[in-house]
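Chemist: Take a look at the letters that make up each chain.
There are 2 protein chains.
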Amino acid sequence: MTNPVLVEVTRGHLVESSHRGAIAVVDAHGNCGAAIGDVEAAVFPRSSVKLIQALPLVESGAAEAFGYGEEELALACASHSGERRHVAIVRRMLEKCGHSPADLECGAQAPSNLAAANALVRTGEASSPLYNTCSGKHAGFICLACHLGVDPTGYVASNHPVQRAVAVVVAATTGISLGADVCATDGCSIPTYAVPLDRLALAFAGLITGEGQSPQRAAAARRLFDACMGDPSLVAGTGRFCTEVMEALSGRVFVKTGAEGIYCGAIPEAGLGIAVKCDDGATRAAEAMMAATLAALLPMAAAERDLFSQRLTRSIASRVGVKVGEIRPVAGLVDAIREGRSLTREDIIRSADSSIVPTARSPSGG
Amino acid sequence: MTNPVLVEVTRGHLVESSHRGAIAVVDAHGNCGAAIGDVEAAVFPRSSVKLIQALPLVESGAAEAFGYGEEELALACASHSGERRHVAIVRRMLEKCGHSPADLECGAQAPSNLAAANALVRTGEASSPLYNTCSGKHAGFICLACHLGVDPTGYVASNHPVQRAVAVVVAATTGISLGADVCATDGCSIPTYAVPLDRLALAFAGLITGEGQSPQRAAAARRLFDACMGDPSLVAGTGRFCTEVMEALSGRVFVKTGAEGIYCGAIPEAGLGIAVKCDDGATRAAEAMMAATLAALLPMAAAERDLFSQRLTRSIASRVGVKVGEIRPVAGLVDAIREGRSLTREDIIRSADSSIVPTARSPSGG
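Chain order of the listed sequences is A and B. Here the first sequence is numbered in my numbering, starting from 2 and rising by one per residue. Here the second sequence is numbered in my numbering, starting from 2 and rising by one per residue.
These are calculated hints, taken from the structure and not from any lab test. Errors might be hidden in some of the hints.
[To be verified] Just some of the chain B residues that point at chain A, by a computed CB distance under 7 Å:
1. Leu15
2. Ser19
3. Phe45
4. Gln110
5. Gly188
6. Gly240
7. Asp280
8. Ala283
9. Ser316
10. Arg320
[Unchecked claim] A partial selection of chain A residues facing chain B, derived with a Cβ cut-off under 10 Å:
11. Thr193
12. Ala260
13. Ala283
All residues carry an ideal CB built from backbone N, CA and C; glycine is no exception.
Let the sequences and hints guide you as you build the complete structure.
Modeler: Shown next as structure tokens:
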């Protein structure tokens, strides 16, 4: 099945680029809220399931034993931008379990936040694993190893007790058995398991409602969701989609990005889980797909809608700041998601009206 | 027409993301060398036609009048990385026609080369239009205005004599009449006109062979191609595709990138022009498409093939440097281009063998 075009990138009044993808919305019973494209195709969730990967940290009692509060839990679920506060909290997570940044196995990375990266350049400080966008998750893994009484060394390996515990929870929440055939290595060296898109949505629906979960798991998920939605600046960073959308829709939505155009989310008041994947891996398009999904499913007050509209349709500006195009969901996408139907031929024709058409040709090209 | 998947991004042994696109290869008479996907669809060429946009600078006599040599001509065709040498040459281009960086209208941009960007951060120097990847082209525009005896101010506007001269050459070489209906604004504020992909390839075939061109235009094109292929480090920068591929295949190929996944090229020995566009705008995929095209059309010695193979299939590494996946043309693409045929069902099936398949599902998701 070829996924439909869901996001257009325009320049002037023509479409310059387009992004295909799939969107799955389900409730905790697996009932389909919306299914755009091939929602049964397996995708690598990458960092979009960090909240699920952090469940063992809470469920095991490790977080409580080592005095992790809201901030530490948010960082365990974060793909942070390496800003000062992010790094300070990760350092504290390591200190609380008697470890140091040298024990992180995620690899060094410069902060994705430009000001933070430039601050390091100015002081001449080398980038370190602390600034890796996954360092909070990794600090949580080390903490879990300590609590389990095992050596944290090698905690990124799929056969280490930490990753085995994580895989058990991913399998249980998605209802998928995870074998070596669907396992690959994430950029931060831990395993990532390919899971059908609708099963990712199902996992978040189950966790946000607690339905079908043990009381222990439901409580752990609630603590993690609250930590993330309570201070969205910790989950991503200044100016980023996850942070801005969770701030704009305070407490009404959880969203989490992952590399290669994946996004997961949950809407507590509707009891829905969401998973989107852009076929080509573009973050700009995955964000627009998630924005369209939220616009369809979440009644918004005028103020929320204003804050949100810039994320639904993003301007592309020239280097002197003049708007020259935009990134936007295709016409009909928001309606199709709201109505729980596929994109119709009419939607696609409506959208194609704004596409580039071949121009008049002269007989000779020279 | 839906373009075929031409590039796969793998993780482990599964396909994580995929890129669709089109590839046009034609000779100077418009004979099709290869046509993959919809090659008649119009695309914005963006910076991939900088060499064409620089033709008026040479044809008018401006370059000669102001003493522009090989280096200045290469920079006029460049999307440079803002490295020290790039910026020094652009500064000289402006000085030679009595102007300064303050006259550039492309807007400020930090160097894309990380070391160059960090050097600015360390010294506290603000980024300026000099570091804009298009500053060489813009310096050439200012030089052309001087030679035409018109005020350079506003040289980025579509009705300024400089942009009118540029549009005339783009129209003549592509054989397309360029109206306001296909005009949009590039990131550096100049007009960009949507042109069918095969007509972009035709333009480069005509210019690389000189066939169908006036002696003046053929000579101007030859000077610009020679300047670019003679020192590819000036056309892009350290580690970049345009520079590395032109260096590896010294003098045997011209390639030039543009934003949103467009690439143009020419093979002098075969008399062919090339244009590729990745539907979703990804540079990583446009590079792989161009690499596949060159691999198909250019007989290579063992040493050239070795240098080139890393550009044909690029490794994706984790943050600790371990290979976790790759970016590669789909199976059959190189053969299809070489044989001048479309991708067959067999090619697509061969490719799909390595795609992600839905995993086993348990009855319940909780």
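Chemist: Look at each hint and say if it fits the structure.
Modeler: Structure-based check of each hint:
1. With 7 Å as the threshold, the beta carbon of Leu15(B) comes within range of chain A, its nearest partner Cβ sitting at about 6 Å, so the hint holds.
2. With 7 Å as the threshold, the beta carbon of Ser19(B) comes within range of chain A, its nearest partner Cβ sitting at about 6 Å, so the hint holds.
3. For Phe45(B), the interface hint holds, the least distance from its beta-carbon to any beta-carbon of chain A being 5 Å, beneath 7 Å.
4. Look at Gln110(B): its Cβ gets to within about 6 Å of chain A, closer than 7 Å, so that hint holds up.
5. For Gly188(B), the suggested interface contact is upheld, since its CB lies about 5 Å from the closest CB of chain A, less than 7 Å.
6. The interface hint given for Gly240(B) is violated, since its Cβ lies 16 Å from the closest Cβ of chain A, which is over the 7 Å cut-off.
7. Because the closest C-beta pair between Asp280(B) and chain A is about 6 Å apart, less than 7 Å, the hint holds.
8. Interface hint at Ala283(B): satisfied, since its Cβ lies 6 Å from the closest Cβ of chain A, which is below the 7 Å cut-off.
9. Taken as an interface hint, Ser316(B) does not check out: its beta carbon lies about 13 Å from the nearest beta carbon of chain A, beyond 7 Å.
10. Hint status for Arg320(B): holds, given a least beta-carbon distance of 3 Å to chain A, under 7 Å.
11. A hinted interface residue such as Thr193(A) counts as satisfied when its beta carbon comes closer than 10 Å to some beta carbon of chain B; here the least separation is about 7 Å, so the hint holds.
12. With a cut of 10 Å, the hint placing Ala260(A) at the interface with chain B holds, because the nearest CB-to-CB distance is about 9 Å.
13. For Ala283(A), the suggested interface contact is upheld, since its CB lies about 6 Å from the closest CB of chain B, less than 10 Å.
Checked against the numbered hints listed earlier, the structure breaks hints 6, 9; every other hint is satisfied.
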